[in-house]
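There are 2 protein chains.
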Amino acid sequence: MSEELPPPVAALFPARGLRERLDDRLTRELALAGERIAGGSVMPTLDMAGFRRELAGFDFESPRPIEPLLEWTIAQLEHGVTHMTHPRYFGLFNPAANFPAQCADRIAGAFNPQLASSGSSPAPVEIEAHVIRAFARRAGLPADASGHFTTSGSEANYTALVCALTRAEPRFGEDGVRAFAAPLAMYTSCECHPAWFKIAHQAGVGRAALRLIATDGHGRMDARSLAERVAQDRKQGLVPVLIAATAGTTGGGMVDPLAACAQIARQHGLWCHVDAAWGGAALCSDRLRGLLAGIELADSLTIDAHKWLATTMGCGMFITRHPALLSEAFRVRADFMPSTAHSLDPYLNSVQWSRRFMGLRLFLALAAAGWQGYAAHVERAVEVIEHVKARLLAHGWTAANDSPLAVLCAVPPPGNPGVGEIVRRVRASGRAWAACATFEGREVVRVCATHGETSLADVDELVAALTAAA
Amino acid sequence: MSEELPPPVAALFPARGLRERLDDRLTRELALAGERIAGGSVMPTLDMAGFRRELAGFDFESPRPIEPLLEWTIAQLEHGVTHMTHPRYFGLFNPAANFPAQCADRIAGAFNPQLASSGSSPAPVEIEAHVIRAFARRAGLPADASGHFTTSGSEANYTALVCALTRAEPRFGEDGVRAFAAPLAMYTSCECHPAWFKIAHQAGVGRAALRLIATDGHGRMDARSLAERVAQDRKQGLVPVLIAATAGTTGGGMVDPLAACAQIARQHGLWCHVDAAWGGAALCSDRLRGLLAGIELADSLTIDAHKWLATTMGCGMFITRHPALLSEAFRVRADFMPSTAHSLDPYLNSVQWSRRFMGLRLFLALAAAGWQGYAAHVERAVEVIEHVKARLLAHGWTAANDSPLAVLCAVPPPGNPGVGEIVRRVRASGRAWAACATFEGREVVRVCATHGETSLADVDELVAALTAAA
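Top to bottom, those sequences are chains A and B. So for the first sequence, this note's numbering puts the first residue at 25; every next one is plus one. So for the second sequence, this note's numbering puts the first residue at 25; every next one is plus one.
Think of the hints as simulated: they come from the structure by calculation, not from any bench. Among these hints, one or two may not hold up.
Same chains, same names: a pair is fine if it fits in one copy or spans any two.
[Said to hold, decoys possible] 25 Å max Cα-Cα, derived SDA-like pairs, lysine to any residue:
1. Lys-259 / Ala-203
2. Lys-413 / Met-67
3. Lys-259 / Glu-485
4. Lys-413 / Leu-321
5. Lys-259 / Glu-193
6. Lys-413 / Glu-27
7. Lys-413 / Arg-191
8. Lys-413 / Pro-30
9. Lys-259 / Arg-357
Because the structure is a prediction, the values reported are computed rather than measured.
All chains should be modelled from the sequences, with the hints used to inform the complete structure.
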């Protein structure tokens with residue numbers, strides 16, 4: 025052991041002056057990149073072979089100076105991703121991140137608090153709980169509803185299944201799935217998010233337990249088919265545990281009949297979960313929240329802040345009216361942890377342990393915009409899609425879905441080269457990004473408004489690209 | 025539908041000039057806060073009752089101006105968390121985040137790419153895969169080893185269990201835990217991370233399946249006891265599936281006998297996982313990596329970048345020599361997704377779906393520091409603890425553990441007021457942060473070097489606080 029410590033590693037912990045200079049550069053370079061992106065192609069334009077060769081050169085044997093490294097990284101991202109931040113990204117539910125959320129990330133990274141326990145991070149844990157309660161109230165759940173932030177809707181939906189299993193069989197926690205007398209069954213619609221297959225596998229329930237209930241011809245789970253299937257499974261000796269309704273399906277933005285699903289769940293003693301990963305944002309709008317009527321009857325909810333609430337990735341929420349069950353499902357004793365406040369500590373109430381201060385993103389954005397600001401953001405996206413729809417109908421296209429939210433499943437006029445080819449051509453043009461999807465068995469072009477700054481000129485450009493391609 | 029779109033919501037998407045001004049302020053305010061933190065108390069000093077009252081005032085009914093909101097947030101964090109960024113936080117494995125990682129977070133937030141698929145984000149997915157392979161090689165795994173970034177060690181350890189189950193029983197994915205002929209068993213030591221209990225519960229295996237093998241008197245899993253227990257469980261008709269050895273235990277920083285664990289796993293056909301969430305960072309150092317000998321025999325590894333590699337929270341890694349198994353465990357078909365490159369796409373190879381570009385943090389930090397920079401960072405922490413130990417021994421303390429890594433389990437001299445009280449007094453002084461822990465049945469003061477800039481003066485201050493309290 026030497027009498028002196030070596031100096032801190034400057035590449036990891038540079039002096040304050042250098043940090044300030046680099047942060048100032050990042051501020052400006054990222055803004056410039058954003059402007060170039062908005063004026064350029066939505067698609068990646070990177071020469072991947074060249075990129076792979078360059079990347080292979082990073083053997084980490086010698087340190088590299090940070091300034092050119094940051095420049096290189098920004099350039100690779102500018103050319104090497106599909107641009108969610110482009111105003112003509114009419115794509116999956118991935119947002120251009122709002123500014124307060126980006127500020128929140130900077131603050132969270134600088135303090136880097138450990139959000140596992142309220143003992144370590146009393147203020148952040150309270151802030152997260154406050155936001156969760158605000159959304160629970162907005163959804164009409166009871167005052168003692170609680171929950172936590174998750175990385176994504178997948179984690180939140182998985183949490184719902186763990187809760188359902190833990191409630192359904194008191195010995196599940198100790199003895200696992202074998203504690204159930206018979207194979208399990210869980211229900212969602214054939215328009216559900218496919219992550220449910222992974223979730224059934226991961227949870228030890230098995231993929232075969234997942235029943236995809238038929239839709240009603242409009243992309244919504246058919247409540248009668250659901251009731252019949254649950255009754256039939258019961259009769260055959262299976263153990264139904266969970267109904268997962270979707271509020272804002274991935275394909276068509278449809279809302280399952282939430283009240284009917286809750287009623288069937290209650291009748292059979294099942295857990296009723298609503299996957300409102302995307303559609304949950306409509307709760308912010310007094311004009312649109314009625315579309316989610318029945319959500320207040322759910323045992324639990326998923327809402328992703330990194331979808332329509334436009335925070336940075338990944339920032340999901342799990343909300344439940346059964347806080348005690350969360351404590352049961354994720355309980356643990358850890359003498360080394362600073363506190364064991366079962367009602368509060370995220371490590372005792374959720375899948376994760378070490379965790380980032382994710383909830384600050386939504387807190388700052390919601391505080392800055394208020395419910396009314398988020399309402400305007402959500403309603404504006406619906407209007408964008410209404411404009412897209414009106415223009416496409418005028419060009420002879422039809423709408424396969426009838427979502428009151430911001431997703432259009434568009435069917436090109438007869439004589440078109442096929443949906444896959446249309447989408448390929450639009451993307452190849454770089455003018456806009458839209459998706460292929462299947463809605464009620466039909467191939468459709470899926471257009472979703474995801475960017476808070478998309479203009480009517482952007483809508484026109486999308487429609488021009490689509491009609492040119494069809 | 026109006027003929028015009030309403031303007032974008034300015035609170036969420038402010039004009040560029042305002043963003044620039046606020047980002048510049050954040051740069052300076054966060055640096056100043058960091059300096060005040062280093063000179064002040066390690067402990068939260070917030071009046072929680074007052075804070076809760078203020079927080080309750082956030083009803084989100086009216087928007088609030090962003091500038092005072094950011095100031096308020098920084099002030100609450102400055103006073104409302106245990107400061108991981110304080111050079112005298114000798115605490116749990118939570119780091120002061122390095123600067124390149126913070127830059128990476130800013131870049132990832134600005135572009136906000138969706139890391140679920142290589143179709144969306146070809147360059148980022150390649151960068152993450154490159155870093156994973158670099159660590160796999162450094163650990164001595166085969167060239168085709170692969171893996172992914174996770175939110176934390178918990179997710180990575182859980183992924184190991186899902187892989188173990190999927191390999192052990194071909195029908196597990198479809199039929200779940202019931203596909204196994206008998207109850208399952210999984211093995212780790214009584215010094216393991218308690219998240220394993222949650223993991224056993226979540227995976228449908230059941231908490232009762234977790235066997236905590238005795239340690240050898242030095243905090244390391246006893247290989248003979250492990251072998252006996254596996255054989256005994258086998259004999260009794262159970263199905264052993266996983267051995268999880270720890271490389272760097274939470275309590276004492278000890279390394280289980282990795283080669284012996286791998287041999288027992290191979291002999292019985294079990295999955296051998298090494299939870300190197302913290303200790304894995306020693307792989308960067310040619311001087312220390314030998315301490316992890318045997319890690320190259322593992323079926324899978326957990327390494328957390330947000331622990332000793334000092335990225336921002338949460339940034340874990342799961343690495344395995346069985347890439348095909350990852351594809352089997354997390355396979356799914358999703359027509360709407362941009363690609364289905366099974367070997368590459370994170371949504372087909374991991375628990376998560378929507379995901380942040382987390383791996384950029386480690387890529388930039390490793391590129392800037394190189395292996396040698398990270399080696400210096402890790403070796404420096406070991407030296408810090410050697411200095412703490414030497415000073416405490418000189419004051420009549422003893423060491424309960426003998427970790428070659430950067431954790432000391434210190435036992436105060438006779439006549440002390442008890443470990444709990446000593447730690448309470450040190451924390452109350454605000455001079456430093458240390459933990460209570462139990463090591464081999466003894467109550468100890470646990471001191472871990474987590475900050476890359478801790479000085480000998482900081483060590484002296486910690487030791488003064490500890491000896492004053494004892």
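So, going through the hints one by one against the coordinates:
| no. | hint | verdict |
| --- | --- | --- |
| 1 | Lys-259 / Ala-203 | both (20 Å within a copy, 22 Å between copies) |
| 2 | Lys-413 / Met-67 | within (23 Å within a copy, 56 Å between copies) |
| 3 | Lys-259 / Glu-485 | neither (55 Å within a copy, 70 Å between copies) |
| 4 | Lys-413 / Leu-321 | neither (33 Å within a copy, 58 Å between copies) |
| 5 | Lys-259 / Glu-193 | within (19 Å within a copy, 29 Å between copies) |
| 6 | Lys-413 / Glu-27 | between (73 Å within a copy, 14 Å between copies) |
| 7 | Lys-413 / Arg-191 | neither (45 Å within a copy, 48 Å between copies) |
| 8 | Lys-413 / Pro-30 | between (65 Å within a copy, 18 Å between copies) |
| 9 | Lys-259 / Arg-357 | neither (40 Å within a copy, 31 Å between copies) |
Comparing the model with each earlier hint shows violations of hints 3, 4, 7, 9; every other hint is respected.
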